[in-house]
Amino acid sequence: MLQQPAQHPAREGETYQALTEARRALVEEGKLLAKIYNEPAVFEMEKDNIFTKTWIFLAHETELPDPGDYVVRRIVGDSFIVSRDEHGEIHVLFNMCRHRGMQLCRVDSGNTSHFRCPYHGWTYRNTGKLNGAPFQKEAYGKDGLDKEEWAMTPAPAVGVYKGMIFASMNADVPPIEEYIGGMGWYLDFYLNKTPAGSEVIGAPQRWVLDADWKLAAENFFGDGYHTQSAHMSTIKAGIMRVKKAAYFKDGVQYKVGPHGGMFIPFKPGSFFNYPQDVVDGMRENLGADQFKVLEEDSILPLNATVFPNLSFLHSAMAVEPEGRSIPYLTIRLWQPLGPGKIEVWSWGVVEADAPEEFKEEAKRAYLTTFGASGTFEQDDAENWRSVTRVAAGEMADHHYLNYQMGLDHVEPIPDEEWPGPGTAYARNFADFAQQRFWRTYFEYLLGQ
Amino acid sequence: MLETSAETYWEVYEFLMREAELLDGHHEREWVELCTDDVVYRMPVRETRERGAGEGFNGQMYYFDETRGSLELRVRRLETEYAWAEDPPSRTRHFVTNIRVSSADAEEELAVRSNLLLYRSQGTELHQDLISAERRDVLRRSEEGLRLARREILLDHSVLTTHNLSIFL
Numbered sequence: 007m008l009q010q011p012a013q014h015p016a017r018e019g020e021t022y023q024a025l026t027e028a029r030r031a032l033v034e035e036g037k038l039l040a041k042i043y044n045e046p047a048v049f050e051m052e053k054d055n056i057f058t059k060t061w062i063f064l065a066h067e068t069e070l071p072d073p074g075d076y077v078v079r080r081i082v083g084d085s086f087i088v089s090r091d092e093h094g095e096i097h098v099l100f101n102m103c104r105h106r107g108m109q110l111c112r113v114d115s116g117n118t119s120h121f122r123c124p125y126h127g128w129t130y131r132n133t134g135k136l137n138g139a140p141f142q143k144e145a146y147g148k149d150g151l152d153k154e155e156w157a158m159t160p161a162p163a164v165g166v167y168k169g170m171i172f173a174s175m176n177a178d179v180p181p182i183e184e185y186i187g188g189m190g191w192y193l194d195f196y197l198n199k200t201p202a203g204s205e206v207i208g209a210p211q212r213w214v215l216d217a218d219w220k221l222a223a224e225n226f227f228g229d230g231y232h233t234q235s236a237h238m239s240t241i242k243a244g245i246m247r248v249k250k251a252a253y254f255k256d257g258v259q260y261k262v263g264p265h266g267g268m269f270i271p272f273k274p275g276s277f278f279n280y281p282q283d284v285v286d287g288m289r290e291n292l293g294a295d296q297f298k299v300l301e302e303d304s305i306l307p308l309n310a311t312v313f314p315n316l317s318f319l320h321s322a323m324a325v326e327p328e329g330r331s332i333p334y335l336t337i338r339l340w341q342p343l344g345p346g347k348i349e350v351w352s353w354g355v356v357e358a359d360a361p362e363e364f365k366e367e368a369k370r371a372y373l374t375t376f377g378a379s380g381t382f383e384q385d386d387a388e389n390w391r392s393v394t395r396v397a398a399g400e401m402a403d404h405h406y407l408n409y410q411m412g413l414d415h416v417e418p419i420p421d422e423e424w425p426g427p428g429t430a431y432a433r434n435f436a437d438f439a440q441q442r443f444w445r446t447y448f449e450y451l452l453g454q
Numbered sequence: 301m302l303e304t305s306a307e308t309y310w311e312v313y314e315f316l317m318r319e320a321e322l323l324d325g326h327h328e329r330e331w332v333e334l335c336t337d338d339v340v341y342r343m344p345v346r347e348t349r350e351r352g353a354g355e356g357f358n359g360q361m362y363y364f365d366e367t368r369g370s371l372e373l374r375v376r377r378l379e380t381e382y383a384w385a386e387d388p389p390s391r392t393r394h395f396v397t398n399i400r401v402s403s404a405d406a407e408e409e410l411a412v413r414s415n416l417l418l419y420r421s422q423g424t425e426l427h428q429d430l431i432s433a434e435r436r437d438v439l440r441r442s443e444e445g446l447r448l449a450r451r452e453i454l455l456d457h458s459v460l461t462t463h464n465l466s467i468f469l
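Residue numbers (the working numbering), protein chains in the order written: chain C, 7 to 454; chain B, 301 to 469.
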């Protein structure tokens, strides 16, 4: 399943032994060791075997519309400048001066042709090339500073997938297209459903949450079961306009390579309340098999995670009392800050060629229900924080969590009946997708 | 300098204190009724930018971008028995200082700036959250007294240091 298995798992020590047993319990018995959350030794292994091995999302191309635009992003503890040069090329540059190690750029975004180090003044172009050093002849002699050798260090690997800019700390990572693989069929619904594709609205919301990144990542893999409890308030208040909480039972859950997600049903013919222009765009831009899922099966991808920590969400909710459901999109990154702590990056995203009026509506639907103040998302923060806190104790060393839902009585949809890649199940009250997350996780952490 | 009388200033002061008291006392329903029907309640996303590039407030994306209707929905949610983010509730304290009052564009309106330090703790956790911001309000006179017609919350953070915004600022 993994194109790039973990290279150097520490095959010894207590943590490795405990995780090996945890994997066995998950695979053979469908139960997860609670200690997997908020454990410093596990986090160290995750850094070495997951976050420095896989592709990590940094930015969307529409955040850098003009030459000279840049944003500063991270892969766990490493800062990178993502820049667009004068020729429109994207660069991902390690944000550390080659001279004395100063962080070259100390802001979140801007537009510049050069980055000048505040410490001694070495100056680089936004391509990363060293432009020069102050008093260069006096300091280094006529030919004493090789500008090629002392350029900024690019990220070991950079890949752009349908407007999404990824980087990897692993120079040997497989190409991004290969890593995304069959997941691309599902991602089209988020990134590429109309001819102009999707665009980010403004800048991302960012907030810090005392929660383990895995709780968010696995939830977005396919937790169709939590809505009827965690988000009941939004149903009762008329924000999520569904009649019954069991609504999320139906739909389709899927797993594809190391990734996964789920679809939810909508009223046939309503196209999830997208305006006609967007529906026409989808008919034009999506594959016939993808559009058929919307037109005939009346289901749409709700949530999805690209392993390890990049998630996507389509939803539709009311913004005003008794208002209609307005569809919207968000992309989010669960950026680990340490064991049991994340910085959430949440981008509001919209179909770039949608009518302006709809873009404004979709933005408000997103930020009133998702993001830091979102009436829907607020309660996720509460649950994930709470799990993280309880998992920190000693009891969690021997406490197992149930991941058996649907495993015994739900069969996959036969391949000939499901147009998408991977394996799909006509049930969202099931743990198939989340099981895939955990199996992938253990494969990276411990090797095949 | 202040363009308003001591009497008007006192009126504004009382309004802001009453509002803070309602929010800290979990009387969100009464608080939302202090907002006009056409209220605009916004908290823009803030980025760290170079000094020459302005204050970093993003004109496109917000943490809050609310109408009276969407504020009502938020309150309606809090009134259900399933609003887990606020059950047990946050313990908040709105410290409102540096109140500056001037006349606004419309005759019946006042432009008010205040500094806000919001303390928040929840459950039995040992740590507390602090949110610091300037609020730029427009208060409008009505038959019932002053009402909040516009609020812009300008954060002193580019990354929020609280786990969610299930509270009002």
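Mixed in with the good hints there might be a few duds.
Said to hold, decoys possible - Calculated from the model, a selection of chain C residues having no Cβ within reach of chain B, i.e. all distances over 10 Å:
| id | residue |
| --- | --- |
| 1 | R29 |
| 2 | V33 |
| 3 | K143 |
| 4 | A163 |
| 5 | P180 |
| 6 | W213 |
| 7 | Y231 |
| 8 | A243 |
| 9 | P271 |
| 10 | K298 |
| 11 | A324 |
| 12 | G329 |
| 13 | K369 |
| 14 | L373 |
Stated by the list, open to error - Quick partial rundown of chain C residues pointing at chain B, CB under 8 Å, derived from the structure:
| id | residue |
| --- | --- |
| 15 | G116 |
| 16 | A209 |
| 17 | R212 |
| 18 | D216 |
| 19 | H232 |
| 20 | Q234 |
| 21 | M238 |
| 22 | T240 |
| 23 | G377 |
| 24 | A378 |
| 25 | Q384 |
| 26 | P427 |
Read the hints as simulated data drawn from the structure, not as lab findings. No experiment lies behind these values; they were computed from the predicted model shown. Glycine residues also receive a C-beta, built at the ideal position from the N, C-alpha and C atoms.
**OP:** May I ask you to test the interface hint for M238 of chain C with respect to chain B, counting a Cβ-Cβ separation under 8 Å as satisfied?
**Re:** The hint holds - M238 of chain C has a Cβ within 8 Å of chain B, the shortest such distance being about 4 Å.
Q) At a threshold of 8 Å, is the proposed contact between A209 of chain C and chain B supported by beta-carbon distances? A) holds, 4 Å
Looking at A163 of chain C again, its CB stays over 10 Å from all of chain B? Given that every Cβ of chain B is farther than 10 Å from that of A163 of chain C, nearest at about 27 Å, it holds.
Does G116 of chain C hold up as a contact with chain B if the rule is Cβ-Cβ below 8 Å? holds, 6 Å
Status of K298 of chain C, Cβ more than 10 Å from any chain B Cβ: holds, 34 Å
Holds or violated: is the Cβ of R29 of chain C farther than 10 Å from all Cβ atoms of chain B? Label holds. Min Cβ-Cβ 30 Å, cutoff 10 Å.
Does the claim that W213 of chain C lies off the interface hold, with its Cβ farther than 10 Å from every Cβ of chain B?
violated, 4 Å
**Report entry** Separation of V33 of chain C from chain B, once the least beta-carbon distance is taken, above 10 Å
**Finding:** Correct as stated: the minimum Cβ-Cβ distance to chain B is 32 Å, above 10 Å.
Go through the hint on Q384 of chain C and say holds or violated, using the shortest Cβ distance to chain B against 8 Å. holds, 4 Å
- Nearest-CB test (10 Å) between chain B and L373 of chain C: Per Cβ check, L373 of chain C is inside 10 Å of chain B; nearest 6 Å; violated.
Practice prompt. Find the nearest Cβ of chain B to the Cβ of K143 of chain C and say whether that gap is larger than 10 Å.
Written response: Its Cβ never comes within 10 Å of chain B, the nearest being 30 Å, so this holds.
Does A378 of chain C pass the interface hint, meaning its C-beta sits closer than 8 Å to a C-beta of chain B?
Since chain B brings a Cβ to about 5 Å from A378 of chain C, closer than 8 Å, the hint holds.
Checked against the numbered hints above, the structure breaks hints 6, 8, 11, 12, 13, 14, 19, 20, 26 and satisfies the rest.
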